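A.B. asks: Yeah, the sequence shown ends on 343 if you go by the numbering used here, and it's all consecutive.
Each computed DSSO-like pair below joins lysine-lysine, with the alpha-carbon atoms no more than 27 Å apart:
1) LYS304 x LYS56
2) LYS56 x LYS118
3) LYS304 x LYS118
FRET-style restraints, in silico, Cβ to Cβ:
4) ASP246 x VAL184: 25 to 33 Å
5) ARG202 x ASN232: 24 to 32 Å
6) ASP325 x PRO38: 41 to 49 Å
7) ARG95 x GLY318: 13 to 21 Å
Source of the hints: derived by calculation from the structure; they are not laboratory data.
Nothing here was measured: the structure is a model prediction, and the numbers come from that model.
For glycine and all other residues, C-beta sits at the position ideal for the given N, C-alpha and C.
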Amino acid sequence: MTTATYEKVRHVIPEVEWATFEPDIEAIERLKVEHDAVILAHNYMTPEIYHGVADIVGDSLALAREAQHVRAGTIVLAGVHFMAETAKLLNPAKRVLLPDLRSGCSLAESITPEQVRALRAEHPGVPVVTYVNTSAAIKAESDICCTSGNAVRVIESLGVDKVIMIPDQYLARNIAARTGVEVITHPGACEVHERFTPLDIAEIRQGNEGVVVLAHPECPPDVVQAADYAGSTADMQAYVEQHRPAKVALITECSMSDNVAAGHPDIDFVRPCNLCPHMKRNTLGAIRASLEHGRHEITVDPSLADAARLSIERMLAVS
Numbered sequence: 025m026t027t028a029t030y031e032k033v034r035h036v037i038p039e040v041e042w043a044t045f046e047p048d049i050e051a052i053e054r055l056k057v058e059h060d061a062v063i064l065a066h067n068y069m070t071p072e073i074y075h076g077v078a079d080i081v082g083d084s085l086a087l088a089r090e091a092q093h094v095r096a097g098t099i100v101l102a103g104v105h106f107m108a109e110t111a112k113l114l115n116p117a118k119r120v121l122l123p124d125l126r127s128g129c130s131l132a133e134s135i136t137p138e139q140v141r142a143l144r145a146e147h148p149g150v151p152v153v154t155y156v157n158t159s160a161a162i163k164a165e166s167d168i169c170c171t172s173g174n175a176v177r178v179i180e181s182l183g184v185d186k187v188i189m190i191p192d193q194y195l196a197r198n199i200a201a202r203t204g205v206e207v208i209t210h211p212g213a214c215e216v217h218e219r220f221t222p223l224d225i226a227e228i229r230q231g232n233e234g235v236v237v238l239a240h241p242e243c244p245p246d247v248v249q250a251a252d253y254a255g256s257t258a259d260m261q262a263y264v265e266q267h268r269p270a271k272v273a274l275i276t277e278c279s280m281s282d283n284v285a286a287g288h289p290d291i292d293f294v295r296p297c298n299l300c301p302h303m304k305r306n307t308l309g310a311i312r313a314s315l316e317h318g319r320h321e322i323t324v325d326p327s328l329a330d331a332a333r334l335s336i337e338r339m340l341a342v343s
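All chains should be modelled from the sequences, with the hints used to inform the complete structure.
C.D. replies: See the structure below:
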């Protein structure tokens, strides 16, 4: 089993390193069967998780969609807290585990329900579009959720000329430029993507002739403008698969390049490396312990669950 798995990732994981992962991978595969569990893993997981033990992989939108169709009784979310909450909201009867409770998100922590209510009061009648990278409490204050992959479609589905889009100021500004809809923003940002600058892209181009630069829309607008293409992690992966550039740079969290490169050994990946400390709290050891001990189970306040779930379901209905 693990030999076949290693063949999928031999381009990104040295064989000697793989030997250290094998015991945990074998244990996790056994525990998944014993506990009727599946592992949902975000695109930012390291390759030994993404390729080694994950049953379903993708960006936030893909994981939200797939969570609805999971038949297993237990979901282990290899990602961050808001993703586990989303899985629980869509599967209230299932057990949802998060390997490390410290796996937070700078965006989710950048806004409070009180701030959402203040924005509504300041802009009466303007719908609130909330990035899925938020807590259930924020989703419950919202009209509809979105991801970086479907934000344009979500906003255009509302048929209005003005929206409040929270909490990522850069995503909001980048989406506004594509829709023509006036977007009221909140000063939140992803601690990974806001560190990229146009100078980073200029240096990548200078040292890598012909490189195609793909940027995540959580990056500042001047970074997006300096790139050749901007899109969600799923969009980036699709671009690489469809266009097959000889050399490419993904301006996003570090592990994304590793995971896409595993399927494209013929493509040269230039790898600027900004790590998300929260995503990296997910390890094989933490996933194994989560299954062995049933930790850490995610619950959602019943007083928030229905409203939060509705905002997600509205998003999925137009995605």
